[in-house]
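2 protein chains.
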Amino acid sequence: MKASIISIGDELLFGQTLDTNAHWISQKLSQLGIDVFQRFTIHDLADEIKNTLDKALDNTDLVIISGGLGPTQDDKTKSTLAGYFNVKLVLNEEVLRHINKLFSGHKAGDLERNKQQAMLPGNCTVIPNDLGTAPGMWFDIEHQCVVSVPGVPIEMKGMMNNTILPRIKTHFALPVLIHFYLMTAAVGESQIAEMLQDFEKSLPGYIKLAYLPGQGMVKLRLTAKGEHKIPLLHAVLPYFERMKSMLGHIVYSENQDDRLEHVIIRKLKKSGNSLATAESCTGGTIAKKITSVPGSSAVFKGSIVAYANEIKIALLGVPELLLKTKGAVSKEVVIAMAKGIIRQMHSDFAIAVTGIAGPGGGSKKKPVGTVWIAVANKQEVHSKQLSLPGKRTQIIEWTSVIALEMLRRFFMKHFV
Amino acid sequence: MKASIISIGDELLFGQTLDTNAHWISQKLSQLGIDVFQRFTIHDLADEIKNTLDKALDNTDLVIISGGLGPTQDDKTKSTLAGYFNVKLVLNEEVLRHINKLFSGHKAGDLERNKQQAMLPGNCTVIPNDLGTAPGMWFDIEHQCVVSVPGVPIEMKGMMNNTILPRIKTHFALPVLIHFYLMTAAVGESQIAEMLQDFEKSLPGYIKLAYLPGQGMVKLRLTAKGEHKIPLLHAVLPYFERMKSMLGHIVYSENQDDRLEHVIIRKLKKSGNSLATAESCTGGTIAKKITSVPGSSAVFKGSIVAYANEIKIALLGVPELLLKTKGAVSKEVVIAMAKGIIRQMHSDFAIAVTGIAGPGGGSKKKPVGTVWIAVANKQEVHSKQLSLPGKRTQIIEWTSVIALEMLRRFFMKHFV
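As you go down the protein sequences, you meet chains S and B in turn.
For the first sequence, the numbering used here begins at 1 and goes up steadily by one.
For the second sequence, the numbering used here begins at 1 and goes up steadily by one.
Quick caveat, the hints were computed from the structure, so don't treat them as lab data.
Hints are supplied without guarantee of correctness; some may be wrong.
Identical copies look the same in the list; a pair holds intra-copy or inter-copy alike.
Stated by the list, open to error - Here are the simulated BS3-like cross-link-like pairs (lysine-lysine), alpha carbons at most 25 Å apart as the crow flies:
(1) K384 - K50
(2) K366 - K101
(3) K366 - K50
(4) K208 - K50
(5) K76 - K225
(6) K225 - K28
(7) K28 - K391
(8) K157 - K391
(9) K2 - K366
(10) K267 - K2
(11) K324 - K244
(12) K2 - K28
(13) K28 - K324
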C-alpha cells in the first residue's frame, strides 16, 4: 500500500519553517508498513492543491495533507477541498460548540470567524482536534482516502495518534510489521554501529535494523515484515534478544517513548527516593526535562539554577575559596554543588553540573565545552569531566543527557 | 522566476532522515527572490525521477535535484538524467583526476568505481565537489536549467555556495524581494488576524502578509516583490509602519531571529539590571530559555525551581500558613515567591510562577491549567491568573512565554 504526503505552506517553501510534519508522518506510516511513495510541498494556492491532489491520487491509496487549515486568510485548503470533491461547506454544530468552548473564559473571540472555522465540506468525516480550533477531515473516495490535518505540529500529532492512525489500521489491509526498540543515550551512533556490525550482517532479508538518532540519544529499531504475527514473532525474538545482550548496560529502555527522565522518575518512585538538581551551565534544562514527566512532583524536590558564583556560595554553600582556587568549572566545585543541593533540599539523590557552554567564557586551559558533572546520594559522589564539541545549545543538551545517564548508571549500583 | 526542488532518497520517505537539504536550498533561493514553487520527495527509482522532472519542468524555470549521486547501487540519478536528455555518459578526465586524488593516501580505492563516478552525461556542465567524489551537474535546456547535487549536506552546501548560486544570479533575471518582520508573543494568531483584517485587505497585489506561528508566538512577515529596490522600499515602508502602529505594544521585535528572551536580556544589559526566577510548574523552563541566550550570565543570577512546597517555604521564604490557607497555586503565594527570589538572589527583577500543569493535581476550584504568574522589581509586583487549555507540555510552554512577555511589558513601565 502506498501513501503520499502533501505539505502546504509558503513558510516551508520560503525555507523559514523546517518541515518536521512530513518527516513525522513518514515515520508513523512507515511503521505501519505503508510505503510513503512521494511527498509534495506546495504553496497555499487552490490550483496547486487541486493539481497536486490529482497527482497524488494517481498512484497512491492514501493522501495526507498537512497545513492550510488556520483561521487566517492565507489558508485556502478547506474551500479548495470542497470544490475538488464538488460538495458544499456545511456548518458542523459539534465543531462550532468545541471552538466556542475553547474561546469561552477568554473574550468570546470573533463569533463569525469561529463559525467559519466550523464550516466543513459536506462529504467529510470530522477528525476532532482537542488542542486547537481547526478540525481534521477524512474523505473516502471509493478505495482511496484523503486526510487533511492542520499544520501546527502538536495538533497534527494529537489527531494522527488519537484518530487517524487507528482508522488507517482498520481501513486498509496492511502487512504484519513487528518493531522492537532499544533506547540508548549518551553513546554515539558510530560506536553502536561498531558493536552491532556483525549482528547486522547476520540478519535475514525480512528483518531490518535502523538507527534513529535524536538529541544525545540513539533509538534502535529492529523491524520484521511478514504475513502472520505469531511465526514472525518467533523468528524475530532471538535476534532481538541477541542484540540486547550485545549492547548490555547502555540500553536504558525497550520502550520507544521512554526518555531517560521517564526511567529515572520510575526508579525513584519505585524505591521511594527523591531527587534535586544544582545547575550552572545547563541553566535549568535538566530540571525542565525531569518536570516534563507527569507525576514528577512526587519525587522531584526542585533545582537551584546557580548561574552566578555568588548564588553557588550563598545557596549551595560552595566555599568561596574553592571557587577562587579551583574555578567554577572544576571537580571540587561540582562535588560541593552536589553535596550542597542534597543538604538544601533534603533529597536522597542529586545531579550537579557546571561548565562552559560558550560562545564566551572559554580559556586555553578550560575551553568552551569543558563540563563537570556530579551525581550523588548522601553517602557517595561520582564525578566526571567532559570535553564537548559543538555550539552552546548542543553543549547544554548533551550535558543534560549525559548527566541523566550518569544518574541512571549510579542507580544501577544502588538499587535494581 | 520559479524553482522546484526534488529530494531523492528512501531514507527521507522512511522518515529516518529529516530533509534539511530542501529547507536550506529553499532559504537560499528565496533570498535571491526566486519563488520555490514546489518541492518533491521521491524514491531513487528511474521512472519516478523522470516523471517528477517532467512535472517540475512543466511549471518552473529551475529544478534542483538533491541526492542520488553516491557510488552505491541504489543511486540511479546520473544514468537516469542521461537517459532523460537522450545523451551518453562520457568519461570526464578532470573529475577522474579529482576522485583519484581524493583516494590517494588512503587505500587507492576501487579504480573501476572511481571511473564510474567520473562518467557524466555528455551535455552537462560539471559542478566541482571539493569535499566529495560525486560532482554536481548543470543542464541547460533552452531557457530552463536542471541542477543535480549530491545529498550529503556539507558537499551540497559547498557546491551551492561556491558555484551554483553565483551562476543562478548571473543566469536568470531575478526580481527584488523585500521582507519585513514583526514578532509577537503570548497573543493568538486569530486575535492578531482580527486586528489586521482591514489592513490585509488594503494591501496591493505585490505586497503579501504571512502569519508564521511558533510555540506561543506569531511571526508576521510582510513581503514586497518588484523590480527595483529603492522604489519598492518607498512603496512598502508606509504599509509596514502602519501595520506596526496597529499592533502597538504587542510587537516585541522587528528582527525575525529574536525570541522574547533575547529582547529581555538586551534590556537588562542596557539598563544594568539583573534577573532571577522562581519556578514551580514550569520546572526550570523559563531559566532554560533565558540561559539559552549567549551572554545571559552577565544579567541572569539564577533560578530556584521550587517544585515541593517545603522548598517554597525553606528557600523562597513563602509562609507556611499562606500555603495552607490559600494553596500553592494562589496570588498570595506567587507574590511571596517573587519577593522571596529577589531577596535570596539579590536580583533587580524577578519572575515567579506556580500552577497546575497536569495531568494530575487539578480540582474543581483549580482545574489543570490554572496558573499564577508574578513579575516584580524591588518596589512593585504585578500578578496575573491564567486558565490555559491543552496538555502538560503546552501549559508549561505557554506559561513560560506569557511570563516572559509580562516581564517585557513590566520593563516598558520602568525603562525604555
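To see whether the hints hold, each was checked on the structure:
Taking the closest pair of Cα atoms, K384 and K50 never come within 25 Å of each other, the shortest separation being 58 Å inside a single copy and 47 Å across copies. In this assembly of identical chains, K366 and K101 lie within 25 Å of each other by CA distance solely across copies; the values are 18 Å between and 56 Å within a copy. For the homomeric pair K366 and K50, neither the shortest alpha-carbon distance inside one copy (59 Å) nor that between copies (48 Å) is at most 25 Å. In this assembly of identical chains, K208 and K50 lie within 25 Å of each other by CA distance solely across copies; the values are 22 Å between and 34 Å within a copy.
Proximity of K76 to K225 under the C-alpha cut-off of 25 Å is restricted to the inter-copy arrangement: shortest distance 22 Å between copies versus 38 Å within a copy. Taking the closest pair of Cα atoms, K225 and K28 come within 25 Å of each other only inside a single copy of the chain (16 Å); across copies the shortest separation is 39 Å, beyond that limit. Proximity of K28 and K391 under a CA criterion of 25 Å is satisfied inter-copy only: 21 Å between copies versus 31 Å inside one chain copy. For a Cα distance limit of 25 Å, the shortest separation of K157 from K391 across copies, 13 Å, qualifies, whereas the shortest one inside one copy, 30 Å, does not.
Taking identical chains as interchangeable, the C-alpha atoms of K2 and K366 are never at most 25 Å apart, the minima being 54 Å within one chain and 48 Å between chains. Proximity of K267 to K2 under the C-alpha cut-off of 25 Å is found in neither arrangement, the shortest distances being 42 Å within a copy and 53 Å between copies. In the homo-oligomer, the alpha carbons of K324 and K244 never lie at most 25 Å apart, since the shortest distance is 47 Å inside one protomer and 50 Å across protomers. For the homomeric pair K2 and K28, the shortest alpha-carbon distance inside one copy (13 Å) is at most 25 Å, but the shortest distance between copies (32 Å) is not.
Taking the shortest alpha-carbon separations for K28 and K324, neither the intra-copy value of 53 Å nor the inter-copy value of 47 Å comes in at or below 25 Å.
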